[in-house]
Structures are given as C-alpha cells and as structure tokens.
Amino acid sequence: MIPVSSLSARLLISVSLLLVFFFGMTIVVLNSAFREAGEEAQQDILDGQLMALIAAAEPNVDGDLEMPPELSEPRFGNLGSGLYGALTDDSNFSVWTSRSALGTYVPYGEQPSPGQRTFSRIELKDGTPLMALSLHVQWELASGDLKPYTFSVAQSLDSFNAQLAGFRRQLFTWFGAVALIMLFSISMVMRGLLKPLRQIESEISDVEGGNRQSLSDDFPDELSSVARNMNLLIGSERGRAERYRNTLDNLAHSLKTPLAAIRAVLTEQRSSEVTEKIEAQIERMNDIVRYQLKIPAARSKKFGVIALPVKKELKKLVDGLHKVYKDKNPSIDVDLADGIVFRGESGDFLELAGNLLDNACKCCEAAVKLTIAPLSVGKGLGGMRIIVEDDGPGIPEEARAPLLERGMRLDESAPGQGIGLAVVTDIAASYGGTVTISDSTLGGAKISVTVNPD
Amino acid sequence: MRLLVIEDDETVRESLCRQLAAAGFGIEQAADGKEGLYFGREYPIDLAIVDLGLPEMSGLEVIRELRAKGKAYPILILTARDRWEDKVDGLDAGADDYVVKPFHYEEVSARVNALLRRSGGWATSILSAGPVSLDTTRQELKVNDAEVELTSYEYRIIEHLMMRAGEVISKSDLTDRLYDQDFERDSNVIEVFIGRLRKKIDPDNTIKPIETLRGRGYRFALERNQTE
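So the sequences go chain by chain: Z and X. Count the first sequence with our numbering and you get residues 1 to 454, in order. Count the second sequence with our numbering and you get residues 455 to 682, in order.
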C-alpha cells in the first residue's frame with residue numbers, strides 16, 4: 001500500500017474502498033434479483049398470451065386448426081406492436097402468424113418436443129430482443145384423432161430492458177449519493193476527532209518556534225498524557241540549559257574573585273619577572289573562563305528557544321552603552337525591523353549585540369549604526385541579520401580572517417587580545433549563522449552576523 | 455573625594471582601598487550589601503564601587519535601593535559575571551560603568567576619575583577654568599601653563615572645588631571629604647588650606663579663583679573654559 005501520511009486521508013481512502021466494495025455487491029445482488037423477478041413476470045405474461053391463443057383456436061371443417069381473424073388481444077393485430085404469435089403444424093408448416101408479424105421473420109426458437117414448452121430468447125433481424133414461448137400440443141379432433149400443433153408467442157423485451165436500465169440507474173444514483181453523503185459525514189466527524197491532534201501539532205510547532213512556552217492542558221483524555229509528558233520533556237530541556245548556564249556562571253564567578261585577589265596582591269608588589277609571569281597566567285586563565293562562559297551552552301535547538309522581542313533588550317543595551325561611553329558620546333543609530341524577534345536565549349542575543357556594539361563604540365569616532373532585519377529566506381525559525389557599522393579606522397583585509405576563526409585558540413592568543421569577535425562567531429555558528437567583515441559606508445568596519453538561516 | 459567600596463572578598467577590597475587611599479581618596483568600606491547600603495545612604499559619598507555578588511543583599515539591589523533613595527552619585531560596578539546580560543542589568547539598575555574582575559587597579563582608578571569628573575559636569579580629564587587647569591589623571595595643577603606644586607591635602611581640596619566649579623561647597627563637606635572618619639576634625643584646617651591654595655594659585659590676588667561665602671562655604675568662581 002502507498003504510504004499515506006495523514007490519518008484522515010488514510011481513513012477516507014479505507015472507507016471509500018469499503019463503500020465501493022459493499023455498495024457494489026449490493027448493486028449486483030439487487031440488480032440480478034430485480035432482473036429475475038422481471039423475467040418471471042415476462043414469462044407469466046407470455047404464458048397467458050399463449051393460453052389465450054390456444055383458447056381462440058378452432059378446428060375447421062377439414063379438421064385443421066384455424067385462428068379467428070380478430071383476437072381478444074389487439075396487439076396481435078397491430079403491426080410492429082412487439083407481441084407476435086404463430087401456429088405451426090407437425091411438419092413445421094405455418095398455419096397462422098399474427099398480423100403484427102407481417103413482413104417480419106420471427107424465429108421462435110427451438111421446437112419443443114411433444115407435450116413440452118420451451119422459453120427462449122431470440123432476436124429479430126433488426127436486433128430487437130424478444131422472449132419466446134412455444135408449446136407443443138396434441139389437438140384432439142372431433143373425430144377423436146390427435147393432431148400435433150405448436151403454438152408460439154414472442155414479446156419484445158425492449159420495455160423490460162428499459163425498465164431494468166432505469167432501475168439500475170436509480171440504484172447507482174442512490175447508492176452513489178449515499179456513499180458521497182457518508183464520506184462527507186465521515187470526513188466531518190474526522191475533522192472533529194482529529195482537531196485535538198491538529199491542535200497539539202500546531203502547539204508543538206509554536207513551542208519549537210518559540211511562540212509558546214508549553215502545551216496547553218485542555219486535550220482529551222487520550223492525548224492529555226502525551227501533552228503532559230511533552231511538557232515535562234520541554235521543561236527538563238529548558239531546565240538543563242539553564243542549570244548548565246548557572247553552573248558555569250557560578251564556576252566563573254568563584255574562579256574570578258580569587259583571580260582578582262591574586263592580581264590585587266600582585267599590583268601592590270614591586271614589579272619583577274615573577275609578578276609579570278604570574279600576571280600573564282592570570283590573564284590567560286581569565287580569558288579561558290570568560291570565553292567558556294560566553295559561548296552558548298549546549299542548548300536544545302528544538303525546545304530551548306523563546307521568541308525574544310529584541311526592541312526592549314536593545315534599548316537597555318544602548319542606554320547602558322551610552323552611560324559607559326559618555327565621554328566619547330557616540331551616536332548609536334538603531335534601525336530595527338518592526339516586531340522582529342530573536343529565536344533563542346536572550347543571553348545569546350545580548351552577547352551578540354553587546355560585543356558588536358561595544359567593539360564599535362570603542363573603535364568609532366562618533367557614529368555607530370545597528371541594523372537588524374529579517375533574513376528574507378528565513379522562515380519558521382525567524383532568521384535575522386545583525387549589522388553593526390562604525391566610522392572608525394576599519395579592519396584591514398588581512399586582519400579579518402583571524403578575527404573570525406571559530407573557537408579561541410587559547411595557547412596562541414596574546415593576553416588582552418580580546419575575545420569579543422571570537423565569541424560572536426561562536427554564538428552565530430551555534431545558531432547556524434556566519435559573521436562577515438567588510439567596509440562600512442560610514443568609513444569604518446561593517447560586521448554582519450546572520451542567525452537562524454534556514 | 456570620598457569613595458565607598460562594597461566588596462566581600464577581603465583581599466580584593468583591602469588592596470583596592472589601600473591603593474585608592476594612596477591616590478588621595480577618602481574611603482568607606484563595607485563587606486556586605488546591607489552594610490554597604492547603610493554607608494551609601496548615611497555617609498557623604500562622591501562615588502560608590504559595588505561588587506555585584508555580595509552576601510546579605512546583592513549588588514544590584516544595593517544599587518536600586520540607593521537610586522530609589524535619591525542618591526545620584528556615580529556607581530561603578532565590579533563584577534565577575536561579564537556576560538552582557540549581567541552588565542546591562544547592572545547599568546539598567548542605575549550603575550554608570552562597570553569593571554570586570556579580575557581587574558587592574560589602573561582600570562578602576564581611570565573609571566573612577568572619569569565618573570567623578572563627569573558627575574561634576576566636566577567632559578575631559580583636564581579641568582580648565584580661566585588660566586587655571588587641573589589634570590586629574592596626573593594630579594597636576596597649572597596656572598597660565600606654569601605648574602603649581604601642591605600637597606596631597608591641597609590637591610584634594612582644589613580638585614573637589616574645581617570638580618564642582620560654580621557650586622557652593624560647605625566647610626563641613628570639605629572636611630568630610632578631606633579626612634577619614636577617625637581623624638580629628640578641625641574646621642580651621644580648611645581655612646588654612648584655602649588660604650595656602652589662594653596664595654599658590656593667585657599670588658598677586660588678580661584671578662580670585664576661590665570665593666568665600668560667609669557662613670555657607672567656598673566656591674570655585676572662575677568660568678569653565680569651553681572645550682572644543
């Protein structure tokens with residue numbers, strides 16, 4: 001069987017097949033029953049006509065049988081009436097044929113053996129189907145002799161066939177109509193029955209897309225446990241990412257305070273080779289901790305996401321940067337697509353935007369521009385492009401590639417080199433995106449980051 | 455200038471306070487959030503350095519509380535958590551700048567000086583008014599481009615007056631900022647310092663940089679020079 005993915009399509013196809021089978025059988029049975037009953041009625045009629053013929057036959061003076069010129073059944077006398085009669089003697093010589101058969105050869109079929117009657121289906125030359133009945137009789141003459149005769153009648157089946165065809169047509173019409181109504185009602189019922197399934201499906205995709213935190217709890221009994229378990233799963237996925245983040249955060253915090261203490265003690269010492277070496281190690285440890293803390297946690301791509309309206313987050317960030325860079329007081333021009341959301345962790349978005357804007361504020365002369373627009377190709381996961389430009393000195397071509405290398409090579413990086421762009425590259429990569437550096441029309445660097453491209 | 459340092463790690467706090475004190479700041483210190491909030495509310499403070507991860511009461515809460523109580527002095531955050539999320543939260547709560555641990559002392563002192571200068575309405579680290587200019591990073595005073603030698607107490611007073619140039623500074627305010635709380639306070643000392651400063655800056659009594667407002671205090675009277 002061809003695999004069909006939709007439950008309702010499967011049900012409709014199965015029901016249609018069953019309906020075709022059962023209704024087909026019913027039509028066949030009803031049709032043949034009707035036909036048999038019809039044919040029996042035809043035979044009875046023919047029998048009656050034959051009896052009337054026999055009753056009308058009279059022997060003449062020569063002792064031969066003769067038919068009266070007018071019969072009680074007028075159709076025998078009307079040309080082409082569809083009812084034919086004939087009388088033949090023993091030598092198959094036609095004694096009488098009805099006037100209705102004038103100019104038409106009616107083959108009455110097989111001659112019956114003496115005392116027998118035969119029904120047969122015959123056809124006229126023009127193709128008209130007939131049913132014929134012949135009876136072989138021994139006519140007892142006045143003399144007491146027995147003389148054999150065969151009486152035959154035949155009747156056209158045209159009207160019967162027309163009746164049968166009409167009946168069949170009605171059968172098909174009614175059963176067809178009933179089948180359609182049944183399929184329609186079944187699909188209606190299915191819609192109702194499958195509604196919760198569709199609802200759970202759309203809610204799950206909402207959760208995936210970050211538009212919803214969990215599944216609702218108003219599902220029918222059969223689905224409520226599924227929804228409950230799904231919610232537990234979503235919750236534990238989210239909790240896991242959060243726990244991981246908190247553990248890392250606490251670890252970083254508890255490592256950095258002692259580092260700060262060591263450095264504090266060191267600063268008050270007379271500078272020597274030893275203090276410089278320790279200082280370098282502090283810087284290196286600090287970089288490791290910072291980097292590991294900032295790159296995104298192993299998050300669940302399916303259920304960890306929340307649709308974060310970036311406008312509010314950005315306002316806080318830009319206000320904060322205005323405070324920090326109050327002396328330079330750069331203009332931070334924010335161009336935001338309406339209602340744009342970031343599908344992911346809010347921390348990751350702030351880390352991306354924060355590092356990019358912070359770098360730009362550091363490098364710029366007076367102007368920083370941030371543009372956030374949806375990726376036109378990005379559907380579903382809500383891809384976006386974050387572009388940060390400044391009017392600073394820019395980044396020379398040959399310096400670009402090393403800045404964008406993924407993963408900070410800790411043993412190679414010089415202390416204090418800064419981990420901003422490495423962090424941005426890693427976060428973008430964890431959202432399937434990339435970072436590119438080019439020249440801005442403002443005169444400085446233009447850094448373009450994509451996240452969640454499809 | 456009086457600074458409040460709220461930091462729970464003893465080594466970090468004491469080292470920072472020692473170095474700031476050596477640079478001429480008066481220091482209050484607190485080891486937890488509640489104590490810090492008390493100092494921040496009750497003492498005359500020019501700037502607070504607040505660690506975010508504090509016992510008793512988090513640094514964020516301390517900052518919010520201080521701002522809610524109308525305290526407008528600059529606040530510098532010390533934080534071990536340098537995700538932007540944490541920085542933005544701190545700045546949003548009312549802090550003005552942050553320094554990430556483990557920090558270099560020079561970084562803290564540079565930020566402190568910048569914040570103090572800014573809170574006095576100065577855009578650059580060189581406060582310049584008429585012929586007088588004070589380089590707050592080098593702690594140098596020049597009059598008509600000639601350097602004037604100052605003692606550390608004299609420097610603290612002229613810095614405080616110039617930072618708030620145009621404002622009236624009460625004698626008790628100057629005393630508060632001049633001494634750590636344990637010192638014996640003698641208001642005459644201020645008058646002596648002011649007299650010495652006047653002589654050093656304006657030996658001919660022509661510029662008249664410091665005004666005395668009887669019963670109210672002192673004011674640095676020269677117009678600030680517009681930068682740029």
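In case anyone wonders, no lab produced these hints; they're calculated from the structure. Do not rely on the hints blindly, as some may be mistaken.
Simulated restraints, written as ranges between beta carbons of each label pair [unchecked claim]:
(1) A477(X) with L232(Z): 54 to 62 Å
(2) Q199(Z) with Y492(X): 54 to 62 Å
(3) Q292(Z) with E603(X): 46 to 54 Å
(4) E398(Z) with G620(X): 48 to 56 Å
Chain Z is faced by these chain X residues, among others (derived, beta-carbon under 8 Å) [claimed, not checked]:
(5) S469
(6) Y497
(7) E539
(8) E645
(9) G649
Virtual Cβ for every residue (Gly too), placed ideally from N, Cα, C.
- Against which earlier hints does the structure fall short, listed by number upward? Checked against the structure, the hints that fail are numbers 6, 8, 9, while the rest are satisfied.
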